[in-house]
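Q: One-letter residues, chain by chain:
There are 2 protein chains.
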Amino acid sequence: MGYTVAVVGATGAVGTRMIEMLEVSSLPIDKIRFLSSKRSAGKVLSYKGQPIEVELTTEESFAGVDIALFSAGGSTSAKFAPYAVKAGAVVVDNTSYFRQNPHVPLVVPEVNAHTLKEHQGIIACPNCSTIQMMVALEPIRRKWGLERVIVSTYQAVSGAGQSAIDETKRELKEVLNDGLDPKDLQADILPAGGDKKHYPIAFNALAQIDVFTDNDYTFEEMKMTNETKKIMEEPDLAVSATCVRIPVLYSHSESVYIETKEKAAIEDVKAAIAAFPGAVLKDDVAQQIYPQAVNAVGSCDTFVGRIRKDLDAEKGIHMWVVSDNLLKGAAWNSVQIAETLHQQGLVHPTETLKFELQ
Amino acid sequence: MGYTVAVVGATGAVGTRMIEMLEVSSLPIDKIRFLSSKRSAGKVLSYKGQPIEVELTTEESFAGVDIALFSAGGSTSAKFAPYAVKAGAVVVDNTSYFRQNPHVPLVVPEVNAHTLKEHQGIIACPNCSTIQMMVALEPIRRKWGLERVIVSTYQAVSGAGQSAIDETKRELKEVLNDGLDPKDLQADILPAGGDKKHYPIAFNALAQIDVFTDNDYTFEEMKMTNETKKIMEEPDLAVSATCVRIPVLYSHSESVYIETKEKAAIEDVKAAIAAFPGAVLKDDVAQQIYPQAVNAVGSCDTFVGRIRKDLDAEKGIHMWVVSDNLLKGAAWNSVQIAETLHQQGLVHPTETLKFELQ
Numbered sequence: 001m002g003y004t005v006a007v008v009g010a011t012g013a014v015g016t017r018m019i020e021m022l023e024v025s026s027l028p029i030d031k032i033r034f035l036s037s038k039r040s041a042g043k044v045l046s047y048k049g050q051p052i053e054v055e056l057t058t059e060e061s062f063a064g065v066d067i068a069l070f071s072a073g074g075s076t077s078a079k080f081a082p083y084a085v086k087a088g089a090v091v092v093d094n095t096s097y098f099r100q101n102p103h104v105p106l107v108v109p110e111v112n113a114h115t116l117k118e119h120q121g122i123i124a125c126p127n128c129s130t131i132q133m134m135v136a137l138e139p140i141r142r143k144w145g146l147e148r149v150i151v152s153t154y155q156a157v158s159g160a161g162q163s164a165i166d167e168t169k170r171e172l173k174e175v176l177n178d179g180l181d182p183k184d185l186q187a188d189i190l191p192a193g194g195d196k197k198h199y200p201i202a203f204n205a206l207a208q209i210d211v212f213t214d215n216d217y218t219f220e221e222m223k224m225t226n227e228t229k230k231i232m233e234e235p236d237l238a239v240s241a242t243c244v245r246i247p248v249l250y251s252h253s254e255s256v257y258i259e260t261k262e263k264a265a266i267e268d269v270k271a272a273i274a275a276f277p278g279a280v281l282k283d284d285v286a287q288q289i290y291p292q293a294v295n296a297v298g299s300c301d302t303f304v305g306r307i308r309k310d311l312d313a314e315k316g317i318h319m320w321v322v323s324d325n326l327l328k329g330a331a332w333n334s335v336q337i338a339e340t341l342h343q344q345g346l347v348h349p350t351e352t353l354k355f356e357l358q
Numbered sequence: 001m002g003y004t005v006a007v008v009g010a011t012g013a014v015g016t017r018m019i020e021m022l023e024v025s026s027l028p029i030d031k032i033r034f035l036s037s038k039r040s041a042g043k044v045l046s047y048k049g050q051p052i053e054v055e056l057t058t059e060e061s062f063a064g065v066d067i068a069l070f071s072a073g074g075s076t077s078a079k080f081a082p083y084a085v086k087a088g089a090v091v092v093d094n095t096s097y098f099r100q101n102p103h104v105p106l107v108v109p110e111v112n113a114h115t116l117k118e119h120q121g122i123i124a125c126p127n128c129s130t131i132q133m134m135v136a137l138e139p140i141r142r143k144w145g146l147e148r149v150i151v152s153t154y155q156a157v158s159g160a161g162q163s164a165i166d167e168t169k170r171e172l173k174e175v176l177n178d179g180l181d182p183k184d185l186q187a188d189i190l191p192a193g194g195d196k197k198h199y200p201i202a203f204n205a206l207a208q209i210d211v212f213t214d215n216d217y218t219f220e221e222m223k224m225t226n227e228t229k230k231i232m233e234e235p236d237l238a239v240s241a242t243c244v245r246i247p248v249l250y251s252h253s254e255s256v257y258i259e260t261k262e263k264a265a266i267e268d269v270k271a272a273i274a275a276f277p278g279a280v281l282k283d284d285v286a287q288q289i290y291p292q293a294v295n296a297v298g299s300c301d302t303f304v305g306r307i308r309k310d311l312d313a314e315k316g317i318h319m320w321v322v323s324d325n326l327l328k329g330a331a332w333n334s335v336q337i338a339e340t341l342h343q344q345g346l347v348h349p350t351e352t353l354k355f356e357l358q
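Protein sequences, first through last, are from chains L and A.
Going by UniProt numbering, the letters in the first sequence line up with residues 1 to 358, in that order.
Going by UniProt numbering, the letters in the second sequence line up with residues 1 to 358, in that order.
A couple of the hints might just be wrong.
To be verified - Where chain L lies over chain A, by a calculated footprint (3+ residues, C-beta under 8 Å):
1) 14-25
2) 206-220
3) 223-231
4) 235-249
5) 290-297
FYI, nobody ran anything at the bench for these hints, they're computed from the structure.
A quick note: this is a predicted structure, and the numbers were derived from the prediction, not measured.
Every residue, glycine too, gets a C-beta built ideally from N, C-alpha and C.
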């Protein structure tokens with residue numbers, strides 16, 4: 001008596017990782033279905049060694065589906081997730097579209113699994129850069145409270161999808177093998193697919209992820225601010241972010257500064273992080289041990305190190321937080337939500353549809 | 001009636017840039033001499049189209065030298081700079097060795113050229129990551145005062161010298177052309193040549209530059225703290241840094257958060273930066289204009305953008321600061337110090353030697 005699980009956006013950078021996570025998941029799965037846009041429909045993917053053909057996503061795709069994992073862009077979720085709910089499925093949505101919707105729990109299971117029981121058919125998976133910061137900060141918030149967060153990110157290009165990975169590799173090869181000057185490279189994807197101008201990422205650092213909002217912060221930066229407040233249920237927590245893309249393919253790194261409400265000893269902070277599920281303490285500077293992007297790739301954990309007191313602020317702490325953006329930042333967090341829904345008996349149809357059919 | 005100028009460490013990543021800066025400098029130069037260690041002595045470099053042989057640095061090398069630019073590592077400066085001063089030269093030292101010495105002005109000409117008149121034969125050029133931050137922050141400090149600085153850096157590998165550039169290119173090629181996994185790459189230089197362990201930089205971000213100090217900050221981070229206080233003559237200014245190496249060859253980027261003493265309007269901050277010598281405002285997010293490492297390469301300016309208010313702290317401001325670490329961060333700032341010494345009539349021998357001969 002297992003579930004029928006659908007993956008929408010199965011051929012993308014996150015979708016393929018979702019499939020890998022489902023293959024090793026504890027979720028009882030009877031049937032798996034892969035859905036995509038017209039461009040990828042008809043492709044054949046593998047699930048536990050069996051070939052599965054990718055189907056075109058339509059309003060009728062979700063009959064008989066118990067759990068639908070969406071990662072095909074905000075407009076696909078906006079259009080099809082309500083039909084999935086109407087058909088009786090529970091949706092775990094990896095896009096930003098529903099994250100601030102009051103009917104939608106925004107969940108990092110280690111942090112706020114208790115909000116899952118309020119779901120109305122859709123649960124949102126937070127932004128990759130937010131999730132790993134939540135795993136690092138929640139153990140601190142629980143013991144000492146949080147007053148403010150200032151974060152500067154070092155984000156991998158895979159957060160912008162497979163086309164950004166391909167663009168980065170192509171650009172790097174053109175510099176290293178063909179001798180092009182990085183500033184003369186042709187760019188078509190980064191920093192934001194939907195924005196007007198595109199800039200090279202090879203040997204560069206781009207202080208723009210997603211498009212700009214009216215307050216001169218980017219959407220990515222505002223996601224970190226607004227999602228942190230919602231997940232932690234701390235509307236007054238001060239959070240400001242600077243989100244930066246760097247020429248790394250996989251794993252986001254973050255330089256995080258926090259001020260706690262109560263004064264915390266660094267050794268106690270380290271112990272709290274080490275004891276928190278999903279967090280791994282990597283912090284022994286005498287042995288040059290600190291988290292590194294290349295070592296986090298393929299792991300579902302969030303690695304935390306360089307934990308040290310601010311040189312001046314009594315309640316200020318700096319740290320370095322690294323995780324695989326496609327796994328804990330997206331695919332694993334989504335599958336983990338599905339597993340938690342199952343464990344809590346929350347995989348069931350909703351009675352009233354709260355989401356508009358487009 | 002020009003000067004005899006010596007460049008110590010002439011064959012290094014910074015030394016070669018120093019030579020380029022001297023070629024276009026307004027400094028009246030009669031004779032140029034290139035000095036190095038045994039490894040590079042005998043090589044022939046070009047100066048304004050003329051071949052010049054590199055000489056071995058000895059205690060006797062500085063007879064007749066008016067200005068000596070040092071960039072061959074702290075131990076070379078420690079050993080030979082006092083002999084240069086003893087021989088009547090003025091030393092501009094690009095290493096960290098003399099920076100906190102009370103007899104040594106630590107100078108970013110746009111910020112504190114007034115301290116040059118106190119020199120006793122040696123002037124120190126600050127660390128690359130400090131210099132560009134000083135150019136961005138000094139116009140703000142002068143108008144509104146500074147209470148605190150929190151900076152996270154995105155530093156180019158060229159700050160660790162030519163061998164680090166070579167290592168980065170080799171690693172990237174091994175991944176892109178030969179299919180190696182980044183975590184399996186062999187590293188011999190980064191993160192710090194003198195430290196025990198070495199880690200790959202290709203597709204990575206290393207939260208270690210230079211070795212660690214007793215307070216769990218790295219020396220690079222403590223340079224930013226201590227040098228900022230000395231240059232700005234603000235011993236009580238709160239400065240904490242997280243210094244990170246990323247796979248970029250040239251130009252450092254910095255995510256800088258400050259709190260001012262007096263409240264400042266963002267438009268006024270932008271105007272103050274735009275009016276400050278050496279600073280260039282690149283800030284129009286509606287047009288996706290912000291500083292980028294690849295565009296700063298080869299320029300002596302410091303580019304500042306993404307200037308915006310903190311979302312919560314009334315006097316908090318975030319910005320993104322980018323400059324060519326080998327030029328304003330080292331070679332140009334050193335040559336600019338020499339030019340300023342000349343303009344102020346301060347290229348003259350000192351009477352009493354304040355520095356120990358080793």
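Q: At least three residues with a C-beta closer than 8 Å to a C-beta of chain L: is that true for the segment 223-231 of chain A?
A: violated (count 1)
Q: Taking a Cβ-to-Cβ distance below 8 Å as contact, does the segment 14-25 of chain A have at least three residues touching chain L?
A: Result for this restraint: violated, n = 0.
Q: Three or more residues of the segment 206-220 of chain A near chain L by CB distance under 8 Å?
A: Since 7 is at least three, the answer is holds.
Q: Test coverage of the segment 235-249 of chain A by chain L using CB-CB distances below 8 Å; three residues minimum.
A: That given contact holds, which follows from 9 residues of the segment 235-249 of chain A lying within Cβ reach (below 8 Å) of chain L.
Q: Three or more residues of the segment 290-297 of chain A near chain L by CB distance under 8 Å?
A: holds (count 7)
Checked against the numbered hints listed earlier, the structure breaks hints 1, 3; every other hint is satisfied.
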